[in-house]
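Residues per chain are reported as follows:
2 protein chains.
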Amino acid sequence: MTRKLKRLIDRSRQVFIVAHVDPDGDTIGSALGLARSLRKMGKDCTLACADSVPDALLFLPGVEEFGIPRLTDEDLIIAVDVSHPNRLGQAYRHLPSLDTPMVNIDHHFTNSMFGTINLVRIEATATAEIIFDLLQEWEVLLDSVLATHLLTGIVTDTQSFSTPSTTPRILEVSSQLMKAGASLTEIHENYYKKREVETLHLWGRILAEMQLDDQLVWSVSTLDMQSRSHAAPDDGDGIVNLLATARQAKAAIMFTENEDGKIGISIRSRPGVDISPIAIHFGGGGHPQAAGTELLGDLCEVIPKVLIKAKDVLNAHDPK
Amino acid sequence: MTRKLKRLIDRSRQVFIVAHVDPDGDTIGSALGLARSLRKMGKDCTLACADSVPDALLFLPGVEEFGIPRLTDEDLIIAVDVSHPNRLGQAYRHLPSLDTPMVNIDHHFTNSMFGTINLVRIEATATAEIIFDLLQEWEVLLDSVLATHLLTGIVTDTQSFSTPSTTPRILEVSSQLMKAGASLTEIHENYYKKREVETLHLWGRILAEMQLDDQLVWSVSTLDMQSRSHAAPDDGDGIVNLLATARQAKAAIMFTENEDGKIGISIRSRPGVDISPIAIHFGGGGHPQAAGTELLGDLCEVIPKVLIKAKDVLNAHDPK
Numbered sequence: 001m002t003r004k005l006k007r008l009i010d011r012s013r014q015v016f017i018v019a020h021v022d023p024d025g026d027t028i029g030s031a032l033g034l035a036r037s038l039r040k041m042g043k044d045c046t047l048a049c050a051d052s053v054p055d056a057l058l059f060l061p062g063v064e065e066f067g068i069p070r071l072t073d074e075d076l077i078i079a080v081d082v083s084h085p086n087r088l089g090q091a092y093r094h095l096p097s098l099d100t101p102m103v104n105i106d107h108h109f110t111n112s113m114f115g116t117i118n119l120v121r122i123e124a125t126a127t128a129e130i131i132f133d134l135l136q137e138w139e140v141l142l143d144s145v146l147a148t149h150l151l152t153g154i155v156t157d158t159q160s161f162s163t164p165s166t167t168p169r170i171l172e173v174s175s176q177l178m179k180a181g182a183s184l185t186e187i188h189e190n191y192y193k194k195r196e197v198e199t200l201h202l203w204g205r206i207l208a209e210m211q212l213d214d215q216l217v218w219s220v221s222t223l224d225m226q227s228r229s230h231a232a233p234d235d236g237d238g239i240v241n242l243l244a245t246a247r248q249a250k251a252a253i254m255f256t257e258n259e260d261g262k263i264g265i266s267i268r269s270r271p272g273v274d275i276s277p278i279a280i281h282f283g284g285g286g287h288p289q290a291a292g293t294e295l296l297g298d299l300c301e302v303i304p305k306v307l308i309k310a311k312d313v314l315n316a317h318d319p320k
Numbered sequence: 321m322t323r324k325l326k327r328l329i330d331r332s333r334q335v336f337i338v339a340h341v342d343p344d345g346d347t348i349g350s351a352l353g354l355a356r357s358l359r360k361m362g363k364d365c366t367l368a369c370a371d372s373v374p375d376a377l378l379f380l381p382g383v384e385e386f387g388i389p390r391l392t393d394e395d396l397i398i399a400v401d402v403s404h405p406n407r408l409g410q411a412y413r414h415l416p417s418l419d420t421p422m423v424n425i426d427h428h429f430t431n432s433m434f435g436t437i438n439l440v441r442i443e444a445t446a447t448a449e450i451i452f453d454l455l456q457e458w459e460v461l462l463d464s465v466l467a468t469h470l471l472t473g474i475v476t477d478t479q480s481f482s483t484p485s486t487t488p489r490i491l492e493v494s495s496q497l498m499k500a501g502a503s504l505t506e507i508h509e510n511y512y513k514k515r516e517v518e519t520l521h522l523w524g525r526i527l528a529e530m531q532l533d534d535q536l537v538w539s540v541s542t543l544d545m546q547s548r549s550h551a552a553p554d555d556g557d558g559i560v561n562l563l564a565t566a567r568q569a570k571a572a573i574m575f576t577e578n579e580d581g582k583i584g585i586s587i588r589s590r591p592g593v594d595i596s597p598i599a600i601h602f603g604g605g606g607h608p609q610a611a612g613t614e615l616l617g618d619l620c621e622v623i624p625k626v627l628i629k630a631k632d633v634l635n636a637h638d639p640k
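Same order as they appear, the protein sequences are chains A and B.
If you read the first sequence in the working numbering, its first letter stands for residue 1, the second for the next number, and so on.
If you read the second sequence in the working numbering, its first letter stands for residue 321, the second for the next number, and so on.
With the rest of the complex left out, here is chain A:
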């Protein structure tokens, strides 16, 4: 598999690297690390993402290269951390149907195997781990920038080494990346410690609204709560992980009202409880312990609908 990939890369000159919509640290860090490595191997690279990169990741060297370019002379496409063509976004959904060969490098177990070559390793902690292994195989020398890209992917996808996907091996890989010059402190300071006071005020309101419903905790970020906190809808991102720390909760759901009429839905669960079916049922996706989707509608319609489905999934998992 990786040999076939190496042959494809050897034959290519210009590589189009695509990250997934609603980009996170793993897709951005992995794409940047891959581009930097391919350039060391003499290739030209274009970095694409249908959505803009979140502020928390703008510290990454090279991140300003991301845009929504059209595919032109590129002779190879690599999708990074993308589980399904839908996750390429409207701008790039068509890519898998083109004649240009497409490599699919990912670790999501929901991956739909849409590539010409599918390097999908579901046991990998992050896509950045797969990239790390490729670089070892290709004998690409790590530098501090490359190491920072990959460590960002690992740290963000494991929520700072706290998810059950954190393996002894990923700790070793991360140790090697630190030795190669990646600064864990820089990643934490930039990614986790630049919250606006308004964001934390919004979090306060969300926590105060938090409800416990049997094995489920959930809360909401309404447009009104956002405006009273002088915050934006995506300022509530991340709070779902805090809701999920409630002792009684097998799962946590966060509903976020957006100005475009869509309700963002983020779901988290305890190890061993697979909540991805809830997200998939409503057209989304993700991991067993972290998934999400968005629905058109208003809160009083969307919330009960999702809670009912969520209870079904939790009860199927643990019948009373």
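Note that these hints are calculated values from the structure, not bench results.
Since we're looking at a predicted model, the values are computed, not measured.
Idealized CB from N, CA, C, for every residue including glycine.
Below are the DSBU-like pairs computed for lysine-lysine, each with C-alpha atoms no more than 30 Å apart in a straight line: (1) A:Lys250 to B:Lys499; (2) B:Lys582 to B:Lys514; (3) A:Lys305 to B:Lys514; (4) B:Lys499 to B:Lys326.
To give a feel for the contact side, a few chain A residues facing chain B, derived at Cβ under 10 Å: (5) Val155; (6) Gln159; (7) Thr167; (8) Glu172; (9) Met178; (10) Leu184; (11) Thr185; (12) Glu189; (13) Arg205; (14) Ala208; (15) Val217; (16) Ser229; (17) Ala246; (18) Ala249; (19) Pro271.
Given chain A's structure and the hints, the job is docking chain B onto it.
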């Protein structure tokens, strides 16, 4: 140093192991790991802590052994993660003045070197790392329980590998502990993910009250807020780390009103900003980025006093 320690241990039969007051994961995990190791070496051990072990650590095997026993036939005392005799608590403050030899194993840079032997390594990430190194030297075989004790010390003292004290080496040590059977998931599920809904409601109130004052963020947990959330004073523990994630904050301070008339004060800071002088000024202690103390008085008297001192310390650090 460690040879001298080994000779002392070889000559001893009964070891009295003391953790510090207001015990955290590192003092409890290190003390438990040390006791288990010394027992493997044929010694009897007594585990002592002047305060009771917090609920979040009660999952640790053997933790029920902690109590406030009197020193009787023990021929060696080992203080674990204790920076100063005051931190032994009233019950044990006198121990360093006894004839019984006292070993002081710690990593706090404020350590007052009160032992007969002082194994104080300020470059160590956690006291658990020092214990780990001793076990390697003593050729004590790791088992899953011992590994869990030590990994708990590391995970809690680094706030899940997020503090600047997280070194490449501690990631490797943690990887080895996981390979020896420690479950990172179990530690996270028990330590971080058993919050009461009431605790999270209190956190919501605390975040909503959060104030930004130049380079300082601070908030408060009053008895009234605690009672309206059906929560206890120590349910606010940990929230100071969240306050410290505010972008503008060089430091974060949390004031907690207690029923005994004392105000608990927790301080956190950015890497490079040493706030331990604030805590030390008011009779407390800690690390450059995490320190604390408690003061008698009421909030409207204590808060301005501490904020003024805090601003002095921040300004001395970064004069305008």
